[in-house]
Amino acid sequence: MTTAPASHSLIRRLVEDSRSAFGMALVSILVLAAVFGPVLSSYAPDAADFMATLAPPSADHFLGTDDLGRDVLSRILSGARVSLLVGVISVGGAVLVGLPIGLVAGYLGGRTDAVLMRCMDVLLAFPGILLALGITAALGASLTNTIIAIAVINTPTIARVTRAQTMLVSSLDYVKANRALGFSNLTIMTRSVLPNALSPVLVQASLLLASSIITESYLSFLGLGVQPPTPTWGSMLRDAISFIDQATWLAWFPGAAIFLTVLGFNIFGDGLRDRLDPRD
Amino acid sequence: MKLIVTRVLSVIPVLFGLCVLSYTLLAMIPGDPITAMLGMDATPEAIAALRAKFALDEPLPLRFISWFGHLLIGDLGRSIQSGRPVLSMVMTAMVPTMQLGLAALLISLVIAIPAGVISAARRNSVADYSVSLISLAGLSLPSFWLAILLVLFLSIRLQIFPSSGYVPIGEDPVGALRHITLPAITLGVAMAASTMRMTRAAMLDVLNADYIRTARAKGLPFRRVVWKHALRNALIPVTTLVGLQLGQLMGGVVVTETVFAWPGIGKLTVDAIFARDYPVVQGAILASAVLFVFINLATDLLYATLDPRLRKRA
Chain A
1 MTTAPASHSL IRRLVEDSRS AFGMALVSIL VLAAVFGPVL SSYAPDAADF MATLAPPSAD
61 HFLGTDDLGR DVLSRILSGA RVSLLVGVIS VGGAVLVGLP IGLVAGYLGG RTDAVLMRCM
121 DVLLAFPGIL LALGITAALG ASLTNTIIAI AVINTPTIAR VTRAQTMLVS SLDYVKANRA
181 LGFSNLTIMT RSVLPNALSP VLVQASLLLA SSIITESYLS FLGLGVQPPT PTWGSMLRDA
241 ISFIDQATWL AWFPGAAIFL TVLGFNIFGD GLRDRLDPRD
Chain B
1 MKLIVTRVLS VIPVLFGLCV LSYTLLAMIP GDPITAMLGM DATPEAIAAL RAKFALDEPL
61 PLRFISWFGH LLIGDLGRSI QSGRPVLSMV MTAMVPTMQL GLAALLISLV IAIPAGVISA
121 ARRNSVADYS VSLISLAGLS LPSFWLAILL VLFLSIRLQI FPSSGYVPIG EDPVGALRHI
181 TLPAITLGVA MAASTMRMTR AAMLDVLNAD YIRTARAKGL PFRRVVWKHA LRNALIPVTT
241 LVGLQLGQLM GGVVVTETVF AWPGIGKLTV DAIFARDYPV VQGAILASAV LFVFINLATD
301 LLYATLDPRL RKRA
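Chains as they are written, first to last, in UniProt numbering: chain A, 1 to 280; chain B, 1 to 314.
Check the hints yourself; a few may be wrong.
Unchecked claim - Sample of chain A residues at the chain B side, in silico, Cβ under 7 Å: (1) R118; (2) A125; (3) P127; (4) I129; (5) A137; (6) A138; (7) S217; (8) I244; (9) D245; (10) G255; (11) I258; (12) L263; (13) N266.
No lab work stands behind these hints: they were computed from the structure.
Note that the structure is a prediction, hence the values are computed from the model and not measured.
Glycine included, every Cβ here is placed at the ideal spot set by N, Cα and C.
Construct all of the structure, not just a fragment, from the sequences and the given hints.
This is how it looks when you write it as structure tokens:
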């Protein structure tokens, strides 16, 4: 298991690498924006001001206003909270479900492995966004259902990575020794295999955060994700299309927010992989 | 041969699973799907008629068996909105989607292969760093944002390309080309980003191989070694990635088609969801997933054919 000094050392190594540090900085900005958003802007994200509709960026409204006079900066900060929430909970949910599936499949092998992995193959056989669309069409568009949909499409990826690593670790001598000593499968899986199978799962989870944020924005953009009045970056971009020739800032800033956030998670994930997964 | 047969047979349970999942998704609709389709104001007669039509009084497994039986003879049901057979709607929508997919693939290869080769051949140069940075940016770029920016600059400001719509290639080839350009660039850029990375990685592997060193030692020009000897082998793993991406393209297609009003399978799915036309949603999602499975199968088989090591093992 990763100990406290080991995790400190990992963070130090990530900070020392300028590329990873840049990714971490972008991710940190997102987290700060999500946590301190309401403090950073003096406007409520859904407060309309019909005297200041489609106002360009100015000292009053740093990133301008939309067609209802709502402050774009406040809405982007509020959207950061939604993106982070959806990303973290959906990936967390996928790890919670996918990790035990991969662990059991990889450790037990045989029929258990075949059945569990065929189920995962079916989920993987759907293009991610289409499966998410199907789930939100069936369950209805909402924040909770968006999280469920994205967690479902992430689960097989986590299960596959865990299974592959579990199979690798299970064949090592110390695991065989534990079996010979008569430890139960559950004890071996949780105490000997899992701690040593976690690194690639962690790397995959960090990369999935980026794709989950993009998927959430796709669903919101299509009107099938988080519903108004909650502002999301995707829904802001959808609204921007109607005013694209008069208010370009409505398209620039939410798009840039998605781009920089996803870029941050991708760079951070790449850096984490270089540090944790020497095979890559 | 054994490898190929095993791979082809492995598709059967996955296809069956896809059918079960597609059907179950619709069964998951909270409450009565008929009310969801017709709305709260529907008359009891209309509800009863539709309920009988879809055999909703029967248990779920029986309904699935009946639906699956129809599916096997190519009957995906009829659209609630238009009454047209779903299969015909899906097949009609597949044509523009495939055209868009192939155009995007072409654009991505034209950008990615030369960029990946140059990046690997000039490792740690400015060109290499630029390609790495561009590919990372391309991977992080949300396709609908790129689509909006392309429309803003190339359609609204410069008025070079139309902002939306579709023209069949048989009717007006020039018009078709103008209409497909922006959506194809939108999809192609994301594909190019991954292909660029893969080409670079594969080329770096190959450039370190003994036979390349031998070719260089024989005095062959570096350019010829790179483009003729190395690229040929580096393209094998790239082919796999391109195939997989073509499958994943189905996802990007949904958003791109919606932005550009491109009448493909993605737009059909989204429109059907909003219209609560569930047989069409079911058919379109199933058809896209089946296409995805077959593209992945074709990619695996192509890889087995291209890679002599796998061919020998097979």
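Right, here's what the structure says about each hint:
no.: 1; hint: R118; in the structure: 6 Å, holds
no.: 2; hint: A125; in the structure: 5 Å, holds
no.: 3; hint: P127; in the structure: 4 Å, holds
no.: 4; hint: I129; in the structure: 4 Å, holds
no.: 5; hint: A137; in the structure: 5 Å, holds
no.: 6; hint: A138; in the structure: 4 Å, holds
no.: 7; hint: S217; in the structure: 6 Å, holds
no.: 8; hint: I244; in the structure: 6 Å, holds
no.: 9; hint: D245; in the structure: 5 Å, holds
no.: 10; hint: G255; in the structure: 3 Å, holds
no.: 11; hint: I258; in the structure: 5 Å, holds
no.: 12; hint: L263; in the structure: 4 Å, holds
no.: 13; hint: N266; in the structure: 5 Å, holds
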